[in-house]
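Enquirer: Since the structure of chain A is provided, determine the placement of chain B on it from the hints.
Protein chains in written order, with the working numbering: chain A, 118 to 421; chain B, 118 to 421.
There is no bait here: all hints are sound.
Same chains, same label: a pair holds when it works inside one copy or across any pair of copies.
Here are the simulated SDA-like cross-link-like pairs (lysine to any residue), alpha carbons at most 20 Å apart as the crow flies: (1) K303 <-> V267; (2) K303 <-> A264; (3) K299 <-> A398; (4) K303 <-> D266; (5) K345 <-> D218; (6) K145 <-> P169; (7) K224 <-> P191; (8) K299 <-> S220; (9) K145 <-> G346; (10) K208 <-> E230; (11) K345 <-> T219; (12) K343 <-> D401; (13) K345 <-> S396; (14) K345 <-> D144; (15) K145 <-> H344; (16) K299 <-> S396; (17) K299 <-> L351; (18) K345 <-> D401; (19) K145 <-> S400; (20) K303 <-> L221; (21) K229 <-> N202; (22) K345 <-> S400.
These are calculated hints, taken from the structure and not from any lab test. Because the structure is a prediction, the values reported are computed rather than measured.
2 protein chains.
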Amino acid sequence: MIQTMESLRTAVSGLGPRTLAVAAAQDKEVLLAVDGARVRGLATAILVGDEPQIRQIAQENNISLDAHQIVHEPDKIQACRTAVNLVRTGKADVVMKGIVDTSLILKAVLDKEIGLRDSPVLSHVAVFQANGFDRLLYVTDAAMNIAPDVNAKKEILRNAVKVAHALGNPNPIAVCLCAVEKINPKMQATLDAAALVEANQSGEITGCRVLGPLALDNAISPEAAKHKGITDPLAGLGDILLVPAIETGNVLYKSLVYMAGAQNAGVIVGAKAPVVLTSRADSDEAKLNSIALALMIASGTSNK
Amino acid sequence: MIQTMESLRTAVSGLGPRTLAVAAAQDKEVLLAVDGARVRGLATAILVGDEPQIRQIAQENNISLDAHQIVHEPDKIQACRTAVNLVRTGKADVVMKGIVDTSLILKAVLDKEIGLRDSPVLSHVAVFQANGFDRLLYVTDAAMNIAPDVNAKKEILRNAVKVAHALGNPNPIAVCLCAVEKINPKMQATLDAAALVEANQSGEITGCRVLGPLALDNAISPEAAKHKGITDPLAGLGDILLVPAIETGNVLYKSLVYMAGAQNAGVIVGAKAPVVLTSRADSDEAKLNSIALALMIASGTSNK
Chain A
118 MIQTMESLRT AVSGLGPRTL AVAAAQDKEV LLAVDGARVR GLATAILVGD
168 EPQIRQIAQE NNISLDAHQI VHEPDKIQAC RTAVNLVRTG KADVVMKGIV
218 DTSLILKAVL DKEIGLRDSP VLSHVAVFQA NGFDRLLYVT DAAMNIAPDV
268 NAKKEILRNA VKVAHALGNP NPIAVCLCAV EKINPKMQAT LDAAALVEAN
318 QSGEITGCRV LGPLALDNAI SPEAAKHKGI TDPLAGLGDI LLVPAIETGN
368 VLYKSLVYMA GAQNAGVIVG AKAPVVLTSR ADSDEAKLNS IALALMIASG
418 TSNK
Chain B
118 MIQTMESLRT AVSGLGPRTL AVAAAQDKEV LLAVDGARVR GLATAILVGD
168 EPQIRQIAQE NNISLDAHQI VHEPDKIQAC RTAVNLVRTG KADVVMKGIV
218 DTSLILKAVL DKEIGLRDSP VLSHVAVFQA NGFDRLLYVT DAAMNIAPDV
268 NAKKEILRNA VKVAHALGNP NPIAVCLCAV EKINPKMQAT LDAAALVEAN
318 QSGEITGCRV LGPLALDNAI SPEAAKHKGI TDPLAGLGDI LLVPAIETGN
368 VLYKSLVYMA GAQNAGVIVG AKAPVVLTSR ADSDEAKLNS IALALMIASG
418 TSNK
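This is chain A alone, in the form it adopts within the complex (with noise of 0.2 Å):
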């Protein structure tokens, strides 16, 4: 089971080549993450862009396109629609965002043509390396759906169940994240913490043990969930943090990041191969666990 950054980075370095469709690739920061993966063995590109912009960008940051492949297109939504189809012909493993919205990345990625749609629901996970922690924590969504029902909950719980066994965790521990741990028809997100739960019980949601409603104390430390009364040995033990809705998801990323120095990675899943999206604020460390993560998860995915 992989457990840290650094042995995520170190699995995906020896799967042997692989390649990011990068779209829109005319971007120094793009181009810098993408030549970070390279210098550490994770990847190598086909930069899907304005190739004269990508060749100006590289030559001005001392950026070697050597082992890369460039594809001159100009036009953002054609780049997206290029780089998406690398990955559904098999010529790339994962579709990076460059300079461009992610909505025009996600269009492409959900066009039932060229695309590479799958699940029913695209979410985002982030991965996380805490001090403290002897394992990842997977935090979905804290980016992308907004104020899921239970259905989608369902799959977003899924998303990341495939994306915890993409990196060895065979039988995740997935925490409905709430504000208390009693079942309360005043929040929404208590009685989609039980219908969660049920619908592990029941066979609906499998690959994963589903608990709640936890709060997060009671959801990552054995000695909280132990003080509070709790008696499910699994308290404390949590993998996946399912969080109600992206303000909850976005909090408590940023406080991972910026308040208690966690490593982060994320990636957009529940499409055929998962959709990276580096963002400016995210650190260089990041970008790269980012596209580990994502490689990791293609992999997984391909030898299903």
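Expert: Quick look at chain B alone, frame taken from chain A:
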């Protein structure tokens, strides 16, 4: 301006004799917290509750009751009413919850005849001293208001501003936390944030500067805000973090305590005097901090 928990406790111990009115004090954890407050010179207590039980628990745990008064009242509802009345009549400074449901304490606090009604909304304010921050952070509402509408948020914000004022921060920066920085009609939190900023600019909410919508990174990290291209010079300097709903606040609270190692305090405000609700999950330090916080607020209120 008080910027650490230690300076908060020092300030309170310099206020002169203070008194806690403890409702249903027959509880080991509560008596230990009260004893800690006495030892640190924060306050003594009027212990309202079952006197034989209080004395037995104290004896079994070597807790001296010499500095405190005891008011025998075995009935929990009456104990709450008595404790609230002690504050209303100036015999105690703050109400502290003993072994009684929070709802019973709050019912007594809100009682039209003997209570302490003041603001239209009672709310919880959690105060954090987090690593790497030169100031205290005020998170509200992580524990009481489930999904406040914009009008309730105005009151919650006003309540928190009073807490910051009581701790010597004359013009706190209050950030309406969201998942994004742009107003998005699909995200109610962003609409509420815009309305709260406007209420601040129009003079409806005073004594603070309100910013938002901002995600947590841009609320508390000037570097993140700069990197994101946010031009407001106050971005990243947030003191008060107003969360959109209880789950977001609760996750932030727990993440700060259990993952970022922050020191914390918490209090219910909005009544004429604050209410201390320490929980078993609180560390001994957190309980003392909460008592100190409540006493400081009570002092600030009484000075006005």
